[in-house]
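Going down the list, the sequences are from chains L and E. First residue of the first sequence? That's 1 in this note's numbering, and the numbers climb one at a time after it. First residue of the second sequence? That's 1 in this note's numbering, and the numbers climb one at a time after it.
These are calculated hints, taken from the structure and not from any lab test. All values derive from a computational prediction rather than experimental measurement. C-beta: ideal position from N, C-alpha, C; glycine also. Just to be clear, a hint being listed does not mean it is correct.
Have a look at the derived ranges for each label pair, beta carbon to beta carbon [said to hold, decoys possible]:
(1) 112(E) with 163(L): 36 to 44 Å
(2) 191(E) with 201(L): 30 to 38 Å
(3) 303(E) with 222(L): 29 to 37 Å
(4) 60(L) with 278(E): 25 to 33 Å
(5) 19(L) with 198(E): 38 to 46 Å
(6) 201(L) with 123(E): 56 to 64 Å
(7) 60(L) with 191(E): 27 to 35 Å
(8) 43(L) with 185(E): 21 to 29 Å
(9) 66(L) with 123(E): 42 to 50 Å
(10) 46(E) with 322(L): 29 to 37 Å
2 protein chains.
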Amino acid sequence: MEQQRTELSALGEFTLIKHLTQYFLPKNEGTIRDAGDDAAVMQPMEGKQLVMTTDMLVEGVHFDLMYTPLKHLGYKSVVVNLSDICAMNATPTQFTVGLAVSNKYSVEALEELYSGILAACDAYGVDMVGGDTTTIPTGCVISITAIGYANKEDIALRSTVKEGDLLVVSGDLGGAYMGLQVLEREKEVFKSAPTAQPSLENYDYILARQLKPEARLDIVQLLAKLEVKPTAMIDISDGLSSEILHLAEESECTFAIYEDKLPIAPETRDAAKEHNIDPTTCALNGGEDYELLFTVSQNDFEKIKGNPNLSIIGHATEKAGENLLMTIGGGSVKLSAQGWKTL
Amino acid sequence: MEQQRTELSALGEFTLIKHLTQYFLPKNEGTIRDAGDDAAVMQPMEGKQLVMTTDMLVEGVHFDLMYTPLKHLGYKSVVVNLSDICAMNATPTQFTVGLAVSNKYSVEALEELYSGILAACDAYGVDMVGGDTTTIPTGCVISITAIGYANKEDIALRSTVKEGDLLVVSGDLGGAYMGLQVLEREKEVFKSAPTAQPSLENYDYILARQLKPEARLDIVQLLAKLEVKPTAMIDISDGLSSEILHLAEESECTFAIYEDKLPIAPETRDAAKEHNIDPTTCALNGGEDYELLFTVSQNDFEKIKGNPNLSIIGHATEKAGENLLMTIGGGSVKLSAQGWKTL
Chain L
1 MEQQRTELSA LGEFTLIKHL TQYFLPKNEG TIRDAGDDAA VMQPMEGKQL VMTTDMLVEG
61 VHFDLMYTPL KHLGYKSVVV NLSDICAMNA TPTQFTVGLA VSNKYSVEAL EELYSGILAA
121 CDAYGVDMVG GDTTTIPTGC VISITAIGYA NKEDIALRST VKEGDLLVVS GDLGGAYMGL
181 QVLEREKEVF KSAPTAQPSL ENYDYILARQ LKPEARLDIV QLLAKLEVKP TAMIDISDGL
241 SSEILHLAEE SECTFAIYED KLPIAPETRD AAKEHNIDPT TCALNGGEDY ELLFTVSQND
301 FEKIKGNPNL SIIGHATEKA GENLLMTIGG GSVKLSAQGW KTL
Chain E
1 MEQQRTELSA LGEFTLIKHL TQYFLPKNEG TIRDAGDDAA VMQPMEGKQL VMTTDMLVEG
61 VHFDLMYTPL KHLGYKSVVV NLSDICAMNA TPTQFTVGLA VSNKYSVEAL EELYSGILAA
121 CDAYGVDMVG GDTTTIPTGC VISITAIGYA NKEDIALRST VKEGDLLVVS GDLGGAYMGL
181 QVLEREKEVF KSAPTAQPSL ENYDYILARQ LKPEARLDIV QLLAKLEVKP TAMIDISDGL
241 SSEILHLAEE SECTFAIYED KLPIAPETRD AAKEHNIDPT TCALNGGEDY ELLFTVSQND
301 FEKIKGNPNL SIIGHATEKA GENLLMTIGG GSVKLSAQGW KTL
């Protein structure tokens, strides 16, 4: 079956934007006017503070269209921003989308992309309130800016860890990284033998972690329900080690974490073994898990212990020390930011 | 004298961002935490509504580095967003910057770009509150999202023109377009004879209109001072005709404008003649003037007449009609959106 291809130039900017955004209906009562004017108009949430973040995804740097479905890309591009809002212990409400695409992209391709953006709106109860669409000589850049709200006293910065605080991570780690390894492997197979079927069976979990990450708004809500105020928080986009070093630097403290406490899914462990990668390395340095990493007072231990969504992986130590991983073998190694990406 | 060139890879993302943003100090009391966390934290202005807009500038589409100084580019990339905030009759307060650059750009080049962004912060009293910096295989994309505030009753949409309203434009028109023509001409001269000196003398005004546009925040403030509430407003980015058609479509009305009322600077007129372009065509279809186009009730005529910053160029007519330009010769022609850019 032949796929229809409509050139972007067939519609022109304004018609295209109306076409792509026709199914977006504001859900948020604070959204007064979304697209169609010089700017969106919103009613700020009364008595709360506003948080705002921007993330860009660039073709050839952050995503590879060879194995990234456009719908997933649209979803992920929203989610990575919502994750940053959640990492402030805030609730995301609206976002804008800046999209620069080359004429390689058809109208149908952008429909796919926007269907993913719409799916993220539905999943998180947020509204797309405008943006900008433009051409670019080659490739694609998606720049999303999200806003959200929190009570002043609930906002969790990176710089407010206190000595003795427990270090907690949501969900599990390393899955997105292993998903990427599987996709890269199958891409190489495909390049050398284009008729071969990709063998992606049994990798559902880690592929979803890579291709369809989620922002842990549920954890923000869970913490509120448990009446636990994180003393500091960050989301894990570049890998656990890297984010721990950020918290340590911003808060002028150090951390000790325990290898045997790192949450790693069985599927991630299996794939890591298959690729001859140490699962602990995946958990420490694999990026894009978009889990929340936060500290809580020891007084909150009883409220969070045993919660299947939360793992206490270590604690904040005095500043003079090093950031250490206590290994299963009983030793300790200095944490380094191998997941740290150059620009 | 040899210019220093430091590769972006020499610094890495986090060090680079710290380096580039070191001179940015928040001026706005609503800015609580700018860069350095997962998201910026701001205190919304009490009792006001929030407006938000995104604009992207793409190398090779919106700017040509051959004649665009990077400092001007940084300034302009902020200003085009602030202009959209002003077009809501609102006051801009903060913005984020998403920047994707190839390794063609050096640290020194980005310093220039950021010095322009900083100059815009100083000129408009707004704060850069974060963003994202990333690599891109080729070129450069700047995506800025700005926010601002206005009293609910002051916000001016595009869709609220009333029949009989006066159509008003700030400043003068066509200058940015003629500035671009001069730059393009000199670029061609340079390409055919690289040792020739560009002849840019006597073009200061129109070159500044193109390279260093301003957002008309002063007009928003003037209208408040005059106690004139625009019934509708838009900024002129794609050309007067195109913006009039937007107002007409969104408000379900039509306009009649008068050729002899169009504000055109002498420098623009001179350059247009030199290039054998009709000055009226420049005013109607030349883009990037970033002036404000708005409607006011006839009752406000006395308050705005004779103001050197404002020109009454026409009025809103009943919907059944066409959007017309009444020519100096006494005829009338239908307005069309020739300034309308395809994607």
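A range of 56 to 64 Å was offered for this pair. Does it hold for the Cβ distance of residue 201(L) and residue 123(E)? This hint holds: roughly 59 Å between Cβ atoms.
Kindly confirm whether 29 to 37 Å is satisfied by the beta carbon distance between residue 303(E) and residue 222(L). 56 Å Cβ-Cβ, so the 29 to 37 Å window is violated.
Does the Cβ pair residue 46(E), residue 322(L) satisfy 29 to 37 Å? The hinted range 29 to 37 Å is violated for residue 46(E) and residue 322(L), with Cβ atoms some 46 Å apart.
C-beta pair residue 112(E), residue 163(L): status relative to the range 36 to 44 Å that was hinted: Cβ of residue 112(E) to Cβ of residue 163(L): about 43 Å, so the range 36 to 44 Å holds.
The hint says 21 to 29 Å between residue 43(L) and residue 185(E); measuring C-beta to C-beta, is that right? 49 Å, violated
Does 38 to 46 Å hold as the CB distance between residue 19(L) and residue 198(E), or does it fail? 43 Å, holds
Taking 27 to 35 Å as the hint, is the beta-carbon distance of residue 60(L) and residue 191(E) inside that range? Once the Cβ atoms are compared, 29 Å apart, the range 27 to 35 Å for residue 191(E) and residue 60(L) holds.
Given the hint of 30 to 38 Å, is the C-beta distance from residue 191(E) to residue 201(L) inside that range or not? 56 Å, violated
If I claimed the Cβ atoms of residue 66(L) and residue 123(E) lie 42 to 50 Å apart, would that claim hold in this structure? Distance hint for residue 66(L), residue 123(E) holds at roughly 45 Å.
Beta-carbon spacing of residue 60(L) to residue 278(E) - inside the hinted bounds 25 to 33 Å or not: Since residue 60(L) and residue 278(E) have Cβ atoms about 44 Å apart, the given range 25 to 33 Å is violated.
Of the numbered hints stated above, those contradicted by the structure are hints 2, 3, 4, 8, 10, listed in ascending order.
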